[in-house]
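*Asks:* Residue-level listing of the chains:
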Amino acid sequence: MAGPHPDAPTPLELEILVALGSGPLHGYGIIQDIEGRTRAFGNLRSGTLYLALRRLKQAGRVEPCPAPPDERGGDSRRKFVRLTEAGREAARAELLAMHRTVAVGVARRLVDPREGG
Amino acid sequence: MTPVPDPRRLDAWVLGLALRCWPRSIRAEAEDELRATFEARRGRGGGAMDLVLEGLDVAWAGIRARFSSAGRAPSTPPREDGMMGTTASVVRHGLRGLARSRGWAVLTGGVLAVGVAATAGVFAVVDAVAVRDLPYPAPDRLVRIGAEREGRPGLSTLSGPNVRDVARASRTVASLAAVTPSTMGIAAADGSPELVRGGWVSGEFFATLEVAAAHGRVLGAADDALTAPFTVVLGHALARRLFGDEPAPGRTLAIDGRLATVVGVMGPDFHPPEGVNLGETALWAPLAHAPLPVEERGLAFLDVVGRLAPDATLSTAESELLRIGQGLVETHDLSPRAFAALATRPLRSETVEGTRPVLALLLAAVGLVLAIAALNAANLILLRVLDRVDALRVRMALGASRARVVGESVVESTAVAVLGGGVGLAVASAAVKAVVAARPVDLPRLSEATVDVRTAVVALGLTLAVGAVAGLVPALVAVGEASLARTRRAGSSRGRRARLLRDGVVVLQVAVGLALAGSAALVARSLGERRSVPVGLDPAHLHVATLRIEGIGGEAFRPATLDDLLEGFRARPGVVAAGLGSGSPYVPGGFVGYLEPDGVEVSAEDRMRGRVEFHRTSAEPLALLGIPLLRGRDLAPSDREDTEAVVVVSAATARAWWGDVDPLGRMVVLGGDGTFTPRRVVGVAADPRYRGPATAPEQHVWIPWRQMPAAPLDLRVRTDGAVSPERVIAEGVAGVPGIQVRGVRSVERERAARFVEPTFFTVLFAFFATAALLFAVVGLYSTLAQGVRARRTELGIRMVLGAHRGRLIRGVVIRGAAVTGAGLAVGALLSFAGARLTSSLLFGVRPGDLTAWSAAAGVLLLAALAASGVPAWRAGRTEPVRNLRPEG
Numbered sequence: 000m001a002g003p004h005p006d007a008p009t010p011l012e013l014e015i016l017v018a019l020g021s022g023p024l025h026g027y028g029i030i031q032d033i034e035g036r037t038r039a040f041g042n043l044r045s046g047t048l049y050l051a052l053r054r055l056k057q058a059g060r061v062e063p064c065p066a067p068p069d070e071r072g073g074d075s076r077r078k079f080v081r082l083t084e085a086g087r088e089a090a091r092a093e094l095l096a097m098h099r100t101v102a103v104g105v106a107r108r109l110v111d112p113r114e115g116g
Numbered sequence: 000m001t002p003v004p005d006p007r008r009l010d011a012w013v014l015g016l017a018l019r020c021w022p023r024s025i026r027a028e029a030e031d032e033l034r035a036t037f038e039a040r041r042g043r044g045g046g047a048m049d050l051v052l053e054g055l056d057v058a059w060a061g062i063r064a065r066f067s068s069a070g071r072a073p074s075t076p077p078r079e080d081g082m083m084g085t086t087a088s089v090v091r092h093g094l095r096g097l098a099r100s101r102g103w104a105v106l107t108g109g110v111l112a113v114g115v116a117a118t119a120g121v122f123a124v125v126d127a128v129a130v131r132d133l134p135y136p137a138p139d140r141l142v143r144i145g146a147e148r149e150g151r152p153g154l155s156t157l158s159g160p161n162v163r164d165v166a167r168a169s170r171t172v173a174s175l176a177a178v179t180p181s182t183m184g185i186a187a188a189d190g191s192p193e194l195v196r197g198g199w200v201s202g203e204f205f206a207t208l209e210v211a212a213a214h215g216r217v218l219g220a221a222d223d224a225l226t227a228p229f230t231v232v233l234g235h236a237l238a239r240r241l242f243g244d245e246p247a248p249g250r251t252l253a254i255d256g257r258l259a260t261v262v263g264v265m266g267p268d269f270h271p272p273e274g275v276n277l278g279e280t281a282l283w284a285p286l287a288h289a290p291l292p293v294e295e296r297g298l299a300f301l302d303v304v305g306r307l308a309p310d311a312t313l314s315t316a317e318s319e320l321l322r323i324g325q326g327l328v329e330t331h332d333l334s335p336r337a338f339a340a341l342a343t344r345p346l347r348s349e350t351v352e353g354t355r356p357v358l359a360l361l362l363a364a365v366g367l368v369l370a371i372a373a374l375n376a377a378n379l380i381l382l383r384v385l386d387r388v389d390a391l392r393v394r395m396a397l398g399a400s401r402a403r404v405v406g407e408s409v410v411e412s413t414a415v416a417v418l419g420g421g422v423g424l425a426v427a428s429a430a431v432k433a434v435v436a437a438r439p440v441d442l443p444r445l446s447e448a449t450v451d452v453r454t455a456v457v458a459l460g461l462t463l464a465v466g467a468v469a470g471l472v473p474a475l476v477a478v479g480e481a482s483l484a485r486t487r488r489a490g491s492s493r494g495r496r497a498r499l500l501r502d503g504v505v506v507l508q509v510a511v512g513l514a515l516a517g518s519a520a521l522v523a524r525s526l527g528e529r530r531s532v533p534v535g536l537d538p539a540h541l542h543v544a545t546l547r548i549e550g551i552g553g554e555a556f557r558p559a560t561l562d563d564l565l566e567g568f569r570a571r572p573g574v575v576a577a578g579l580g581s582g583s584p585y586v587p588g589g590f591v592g593y594l595e596p597d598g599v600e601v602s603a604e605d606r607m608r609g610r611v612e613f614h615r616t617s618a619e620p621l622a623l624l625g626i627p628l629l630r631g632r633d634l635a636p637s638d639r640e641d642t643e644a645v646v647v648v649s650a651a652t653a654r655a656w657w658g659d660v661d662p663l664g665r666m667v668v669l670g671g672d673g674t675f676t677p678r679r680v681v682g683v684a685a686d687p688r689y690r691g692p693a694t695a696p697e698q699h700v701w702i703p704w705r706q707m708p709a710a711p712l713d714l715r716v717r718t719d720g721a722v723s724p725e726r727v728i729a730e731g732v733a734g735v736p737g738i739q740v741r742g743v744r745s746v747e748r749e750r751a752a753r754f755v756e757p758t759f760f761t762v763l764f765a766f767f768a769t770a771a772l773l774f775a776v777v778g779l780y781s782t783l784a785q786g787v788r789a790r791r792t793e794l795g796i797r798m799v800l801g802a803h804r805g806r807l808i809r810g811v812v813i814r815g816a817a818v819t820g821a822g823l824a825v826g827a828l829l830s831f832a833g834a835r836l837t838s839s840l841l842f843g844v845r846p847g848d849l850t851a852w853s854a855a856a857g858v859l860l861l862a863a864l865a866a867s868g869v870p871a872w873r874a875g876r877t878e879p880v881r882n883l884r885p886e887g
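Residue numbers (numbering that gives the first Met the number 0), protein chains in the order written: chain P, 0 to 116; chain H, 0 to 887.
Errors might be hidden in some of the hints.
Dumping the calculated SDA-like pairs for lysine to any residue here, alpha-carbon to alpha-carbon at most 25 Å [what the hints assert, rightly or not]:
(1) K56/P <-> E28/H
(2) K78/P <-> G42/H
(3) K78/P <-> G15/H
(4) K78/P <-> L55/H
(5) K78/P <-> R63/H
(6) K56/P <-> G45/H
(7) K78/P <-> A576/H
(8) K78/P <-> G45/H
Derived from the structure by calculation, the hints contain no laboratory data.
Can you make the complete structure from the sequences, with help from the hints?
*Replies:* The following block contains the structure:
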């Protein structure tokens, strides 16, 4: 089920927002970041990623930005994106909600927080 | 052909294809980014499967984007996408290319249109006549039941008591109905009387067919009893004609002078079964009320249709009926000549028996036409792509993707194919309607023929496939080569391959062309032969009706009465001629005997073998029937009871009985008329060939009816074709007391039914074969001409190098002739194989007829010479340097 309100980011969108938490990234950078943290999306493929990025852009949660200094000189077709304030806020709200859920789950002994990691 | 592809190229190709799925509005924006990510992902490796999945993911995302908010146009305007276009732009470009070369499009589309029109039209007819199920539930369970006779083919009719016994005894036949067609004189309360073809049917008729009435009810077993009220069910068309839009059930109708109540009307889709001779019947009344000797076991005139029981098969029914039949023969001592065994046949095969081989041949001819059309169209499309290879290369060099170039080619050819196919279907639909309306030949179920959805789908699908494949394959080949960046070298190898392909196509076309053109020539010659045999009679608009004259020798039978009757007919508008005669020409009602010419010895054997057909007739029978008079005179009104007895004989009769002696003026006794009256031969007529031109002419003798008064005569009326013969005849006798007419028959129809002169099919076949020949010639011309055109550069170079002009031209022509010769050889083999098929259609011409075949081969050879000669001459005339310029 989607989140409590229609604007809640999908799991993939949330992962993208989280990936962008470290700073501007291009598409393949995002894939690398997500695939490095989770296998929840299997092989995250370019079409799927692009579509999700596009939705986030339209929702105003990410925005195009110039390439960071250390990335200049790379493939000029790569478009970098970064979080907007709205994106940061959406990620925060969703992560807080998740955190609450996690806290309850821990309290109810569904999970031991030491398991993760 | 394409060597192991560069993996990066393959990646780009897959991505290019997948990108086509993205909506145009956001594709430009998405492309760079997608491409970068895609390449980065692919850069870390992964097999072919991974590539496919990656490509599918991009494609699927594009499709989702079309239907989600992500597909909304971005706020920033899209950049121009340059050479990388979208699907819509591919289509647009393809169609624009088409508009630029309208001549080519019209030629290609036209070829396909003719092919589709011919195929769909003939398929619609064949489908209705031979393939489509009979329009009743579980049609395969319906059978015809009848008696086999000694030495006669087909099934005969049965008598009423025999039908009843079979129905009672059979377990394999669940339901069984006896029917017999009849012409009925009918009149609605306020309408004028008319004659219609109807059927007397037993009470089980509609139940056996399992059909229901559209309004009211059908006849049931309760109606089929003498004690029951006289009821009738009308066909849709007749009900409309009689009662308009008012409901027919409950109305009263006079049938042969008796009042019947209409209880039901069938729907417009109901077709009475032709297999039991009910074709084109318009109303159906209970058999019990028919003025027919239904209870006579010796009189077999009932057609029987049955429905097999659920657990029965045709073979179990067959063996059971055989047993029942044997019982009937033993119990009632039936003659094996009239009743050898009881048998059953599927109703469907009974319906179309006899027309099947002709239809199969027609289908084969039409299949060849379609094959040639498709071949021609594919060839034209192929040549166009090959012609444009250089242009394609330029475009690809400028950055157009392979997919785009191939896509445009496919769009182009598919659009042409669809247009051609659509036009062809429209033509076919109109043509079939016209044929059904004109009914140029008596084919069972022809009236059901339409170009329906199935035909349309099959025909369009076929043309689509031809168009798509013909556009796709050469484009792929061309593009594959173009992308190999070995243009210089590839040029020559492509040329060689294209030439080989072209030669192969020419050989094939000439072969098929020869087979069809030869067949067409054969059929045309056969038609000529057939025409050259005089049929000896003009059946056009000639109708025969049985006269019922009350009280032989009574008032109505007086010659003056009948003379008045004929005079009355001749005065009616629309009547060309009228007369009396025994029977109709094709169903003779006279008797057969022998002659005893005065002074000629006639052996007992001659008498036994005498096959002279005697016709009692009113004056001027030859004039009425359109039989030419060779010598002497026609029978005249002055040949009466009190004048000298005279006859007119046919030429074959004269030859058979007088030999070389001219019979004119000689006396003859008609063997078998019992009077031994000597009669004088006053005329010799040309031979009417009632059995068709293929058999020896029969012997006929015409006798003035007044000089041989006997059984009832038939009325013969020739109209101008503009009036309804039924109406004219009904009105003509309406005022004459004591005379009624029954059963108006068309002599044209009887002739068509009697000897299946395949004129219609012959003409149709000749038409298709001619169309095929035309195709072959056009195809040949375009193929060879384009081949020569493609070699213009080579010719130009050779000319610059000093080759003699005439020699170049000769070389080209010889080359064309050689290819054509190979085609003719293959075609000869093909025709040899097909000769058996055509022989059944031929008359007076052998399948190996040299004239026909050499004519066909000559036409093709001439076409080949023209095809290669004209462009070669043109190439020779232009400036050599101009020929060196590549085409754009």
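*Asks:* Is the straight-line distance between the alpha-carbon of K78/P and that of A576/H 25 Å or less?
*Replies:* Violated, at roughly 96 Å.
*Asks:* Within 25 Å, alpha carbon to alpha carbon, are K56/P and G45/H?
*Replies:* Distance ~30 Å between K56/P and G45/H Cα, so the pair is violated.
*Asks:* Assess, step by step, whether the Cα of K78/P is no farther than 25 Å from the Cα of L55/H, and give holds or violated.
*Replies:* holds, 22 Å
*Asks:* For K78/P and G15/H, compute the direct alpha-carbon distance and say whether it is at most 25 Å.
*Replies:* holds, 19 Å
*Asks:* Are the Cα positions of K78/P and G42/H separated by 25 Å at most?
*Replies:* holds, 18 Å
*Asks:* Do the alpha carbons of K78/P and R63/H lie within 25 Å of each other, as the hint requires?
*Replies:* Holds - the C-alpha atoms of R63/H and K78/P are around 22 Å apart, at most 25 Å.
*Asks:* Between K78/P and G45/H, is the straight-line Cα distance small enough, at 25 Å or below?
*Replies:* It holds: about 24 Å lies between the C-alpha atoms, which stays within 25 Å.
*Asks:* Tell me if the straight-line CA distance from K56/P to E28/H falls inside 25 Å.
*Replies:* holds, 13 Å
Checked against the numbered hints above, the structure breaks hints 6, 7 and satisfies the rest.
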